[in-house]
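Engineer: The residues making up each chain are set out below.
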Amino acid sequence: MNNDEIYEKEFLKPIIYWGSRTCLLAVLISFAPALYIYFAYGVIPKASEILQAFILVAPYAVVLQIVEPPSYFPILGVPGTYMSFLAGNISNVRVPCSAIAQNAAGVVEGSKEGSIISTIAIGISVIVNLIILGIGVFVGAQLLAAFPPVVNEALKYILPSVFGGVFGSFAMRDIKLAIISLIVCVILVATNIIPTTLIAPIGVVVTIYVGIKLTNKKMEA
Amino acid sequence: MENNYLEIANTFPFWIIALIMLSVVVFQSIIFMKKAFKTGKKIGITDEQFKTTIRASTITSIGPSFAVLIGLVALISLIGSPMAFMRLGVIGAVMFETLCVDAGAEAVGVAANTLGFDLYAFSNVMWVMCVGSIGWLLIAGLFTPKLETFRVKLVRGRDYLLPVLSTAAVLGAFGYQVSRFVVELGPGTVAVLVSALTIVLVNLLSEKTNAKFLKEWALGIAMVTGMFGAVLFS
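Chains D and C, in that order, give the protein sequences.
Heads up: the first sequence begins at 185 in this note's numbering, then just goes up one per residue.
Heads up: the second sequence begins at 21 in this note's numbering, then just goes up one per residue.
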């Protein structure tokens with residue numbers, strides 16, 4: 185067997201088998217808390233109330249559910265997509281870990297090697313994340329209180345720091361694309377002419393389109 | 021109606037449900053990593069690359085995990101420890117879960133963190149968290165192989181497009197995340213800029229000096245610099 189066949193048969197096939205099953209199993213388990221409250225305490229909201237609550241979160245959730253998987257797929261790969269959407273915290277933990285690990289290991293994202301490195305990076309991040317949350321669930325409040333105030337103040341800015349760092353590291357590879365993406369997104373965010381949940385997918389589609397065009401041109405030249 | 025819903029939300033059965041859900045996640049991660057190590061060795065990934073990956077990912081995930089921890093502590097006061105742990109360890113993100121608490125409460129005519137928020141409201145929150153988030157699991161569970169097929173079609177043998185695709189996708193998605201903070205012109209803007217600049221410098225330094233380990237620390241260093249840079253300017 186050559187490497188492509190090994191990757192397909194020994195890796196991708198079982199990953200898809202287990203990946204789809206674990207995600208679907210999680211769907212079933214996610215009903216457990218609500219059903220338990222019903223069976224143990226006889227409390228269940230009216231269908232109309234569940235629907236009304238769903239309608240309130242849908243503009244955020246449903247749009248993200250459709251646009252996030254294809255947007256992050258090129259970096260996460262097949263196994264990384266199963267893992268990330270099961271474990272959550274995608275843009276703030278999974279994508280940064282996968283990207284930084286692939287960069288450090290010197291593999292090409294989207295290649296077989298990239299997909300394998302991404303799998304390990306995300307697996308490690310799941311475990312680190314759960315250990316910290318596991319400790320945090322018991323002593324989180326005390327832990328945060330024990331930090332010097334400046335640390336708690338600084339932790340407020342961790343999201344922009346993660347996003348800026350990931351963006352900066354990818355901007356190094358293609359500064360032209362980075363500037364185009366930034367200009368498009370800043371204009372859309374600042375003018376507020378379209379729903380915010382749609383800005384990211386538009387940014388992704390535009391940059392991928394321009395990226396492919398520019399590269400094809402370079403290759404033909 | 022039971023008013024002290026938090027007492028109920030912290031009972032043993034909720035812990036059991038949380039542990040079952042978390043064990044699915046851990047199970048998946050372990051199986052996937054085992055396969056990745058085995059196949060990776062066969063197709064020529066070196067031990068050094070594996071070690072680099074483990075170090076880089078550990079360093080990179082610590083900072084954001086502490087940010088999730090802050091969300092966890094806030095969520096515990098709203099839905100109890102086991103469910104907060106489960107929601108943020110699986111599927112969840114702080115923003116979505118907080119949104120669900122508000123939406124679930126509003127739909128039954130109460131507000132979160134008030135006396136009116138009872139077991140009935142809590143059960144509605146549990147329903148909307150579940151129904152609202154199964155889309156992520158269903159789409160990943162059912163359509164991930166389709167995404168691979170789509171990518172292969174898009175690239176059509178032009179393998180040089182693969183890295184372009186991932187670079188462009190990240191620049192597009194994070195371009196939006198970054199611009200939210202650029203536009204607000206506050207400490208968040210400083211964090212974005214300082215962190216982006218730092219990671220560029222660290223990566224350049226790593227290439228200049230051939231110090232490969234710096235790439236593992238790149239985002240870790242950039243995050244810390246960005247965070248404290250923002251504090252200095254706030």
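No lab work stands behind these hints: they were computed from the structure.
One or more hints might be untrue.
To be verified - 20 Å max Cα-Cα, derived DMTMM-like pairs, lysine to aspartate or glutamate: (1) K173(C) to D188(D); (2) K397(D) to D67(C); (3) K54(C) to E68(C); (4) K54(C) to E404(D); (5) K54(C) to D67(C).
Engineer: Assess, step by step, whether the Cα of K54(C) is no farther than 20 Å from the Cα of E404(D), and give holds or violated.
Structural biologist: violated (41 Å)
Engineer: Tell me if the straight-line CA distance from K54(C) to D67(C) falls inside 20 Å.
Structural biologist: holds (14 Å)
Engineer: Hinted pair, alpha-carbon criterion (20 Å max): K173(C), D188(D). Please report holds or violated.
Structural biologist: holds (17 Å)
Engineer: Holds or violated: K54(C) with E68(C), Cα cutoff 20 Å?
Structural biologist: holds (17 Å)
Engineer: Does the structure keep K397(D) and D67(C) at a Cα separation of 20 Å or less?
Structural biologist: violated (37 Å)
Hint violations for this structure: numbers 2, 4, all remaining hints satisfied.
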